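A.B. asks: Keeping their order, the protein sequence lines are chains A and B.
Heads up, the first sequence stops at 802 in our numbering, and the numbers go up one at a time, no gaps.
Heads up, the second sequence stops at 302 in our numbering, and the numbers go up one at a time, no gaps.
A hint or two may mislead.
[As the list claims (entries may be wrong)] DSSO-like mimics (lysine-lysine), calculated; alpha carbons at most 27 Å apart, straight line: (1) B:259 / A:779; (2) A:783 / B:265; (3) A:547 / A:560; (4) B:149 / A:703; (5) A:580 / A:717; (6) B:42 / B:5; (7) A:703 / B:259; (8) B:208 / A:779; (9) A:706 / A:756; (10) A:663 / A:580; (11) A:706 / B:5; (12) A:717 / B:241; (13) B:229 / A:779; (14) A:706 / B:277; (15) A:745 / B:201; (16) A:706 / B:93; (17) A:716 / B:265; (18) B:201 / B:149; (19) A:703 / B:241; (20) B:265 / A:703; (21) B:5 / B:93; (22) A:706 / B:149; (23) B:93 / A:799.
[As the list claims (entries may be wrong)] Covered stretches of chain B (in silico footprint by chain A; criterion: 3 or more residues with CB under 8 Å from a CB of chain A, positions within the stretch not fixed): (24) 22-33; (25) 89-103; (26) 196-208; (27) 253-267.
Because the hints were derived from the structure by calculation, they are not lab data.
Since this is a predicted model, take the numbers as computed values, not measurements.
Glycine is no exception: its CB is placed at the ideal position from the N, C-alpha and C atoms.
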Amino acid sequence: MKKDKELTFIRDKDISLDSAVTFKNVSFFYEKERPCLKNISFDIKRGEFISIIGHNGSGKSTLSKLIDGILAQNEGDIYIFGVKMQDNNAIQLRKDIALVFQNPDSQFIGATCRDDIAFGLENMQVKQEDMEEIIDDCLRKVGMEEYKDAEPANLSGGQKQRIAIASALARKPKILILDEASAMLDPKGKKEIEDIIFERKKEDKDLTIINITHEIDETINSDRVLVLSKGNLVMSDTPNKVFSNDEFLTSIHLSLPFDHLLVKELNKLGYEIEYDDHEGLIEKICR
Amino acid sequence: MSIKFEKVNYTYDIGLPSEKVALRDISHIFSDHCFTALIGKTGSGKSTLLQHLNALILPTSGKISIGSYIIDFSLEYKDGKVDERKMKRKRKKKLKDIKSLRKKVGIVFQFPEYQLFEETVLKDVMFGPKNFGKSEEEAKKVSYEALKQVDLDSSYYERSPFELSGGEKRRVAIAGILALEPDVLVLDEPTVGLDADGEKNFLNLIKDIYSRGTSIILSTHNMDLVLKYAENALLLEDGKIVLADRPHVLFKNEELLKRSVLRKPKVLEFADELIKKGLPLNVENIFDIPSLAKEIDRCKR
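With the hints as constraints, model all of the structure from the sequences given.
C.D. replies: Here is the structure:
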């Protein structure tokens, strides 16, 4: 029995060494005739910042639940850092994964921000004397140092989600999944979350971030965008490549990010501008 | 039809520990055929104000004139003090013919799709007009018209409202209000919960309704919407109106934006970046992405 357990943590030799999350021909369905995800294959590298977009009901959230082992696939295999996820190792593999969900009010556990972050640390049996330092560090990472003793009721939605991210980061995950983390926030809150994700990505090169969203503007800084439509993975490419295909995106009810929409309008007026990144666009317009 | 607020105050739960002042000395005229957006932090009084517009909530003190309908709770004084006895008598008087008011001002609440209840789409839309005394035939006629306005054709009439998509349900709910042929359409956070596609279609619908002569008064956190569609922005802060002006005037006031934790519309944020780099854009010409592109073009020529 023990031997069996050990075996389950061996890397699969077919999966490349720098892979964080790998899907091989994964399907998921509640009823076989109506699959939520159909034969999905992709490979997310360590340290990559991935955005997953898709229309309501495209299978985005199902995908995140499969990665975290909350749901089990019906067909195919899922690998976390090259290790095949199975019934007997899912709990161990999940230790490297942290999730932030949609509703800011349903994921607060502590009476203060400090307590909320400490909850996760206590579960990991972190020593009391080390805790304060980790808590301060995580609060700093999400720009909430001043709110250490604040009560959740007095925070805005955006601030609550920042604390949720801090709590997730305190567990030192290797993979951070944000499942529509900004969907219920006002524009200001959305921007806060967008900035925090971008900052994390710049500072922590090893952290793999998977951002599942329908806010197209959030995806523009990611390394790669995966597009889901009706349970199929229909695109997987850099944001610029994905968003240059605007007719296809419109056909699956997705719109373009702000910058790309503006480029399109300028093209209509006869300006030959191509989009590289935000700063580049500003430069090109002012030139 | 214009709506006039004169020194309107409203306090929830007077005399209870939970007593809370929601509106303070609100004086404002919503002009005939207006498109006004109410903005402000959560708890600033937006929804309370909206519910005053058709007397779902009556003011604690102050006077509201909705067309010719007048709710007068303005303060009475005696020897320099508020005359409580007179005020009490005023409040006791029953409001007359409140139904005629409700017909003129229709309110669409947040997530209106939850208000649907009938077996078929057509029956749901007909419920309002029938309640207001229209015959079966007349009710049908206005309902057909209302459903046409929200772009739902006859194939929807006999369908159950519960099998429709979120965006379609919201359309049915609005048709139910439009069937009353109101002069003023009030919407509380109308775009919350719609995806990008649904939001765009929905706002075009509101714009159409406005251009057909109905006044629109709505509350929102969506500043892109305010800039693009609204003619007037009303900023509330702790129950007081701190600004009532064109959206452009509000978005120029950096200090006010910061205090009310409002984010500028994306087009104006982008324009600011260009202006910083020396492009002399006139922000007054910018309402949405096409007009931003045109303004850039104008500067470059």
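A.B. asks: What are the numbers of the hints that this structure violates, sorted from low to high?
C.D. replies: 1, 3, 4, 10, 11, 12, 16, 22, 23, 24 and 25
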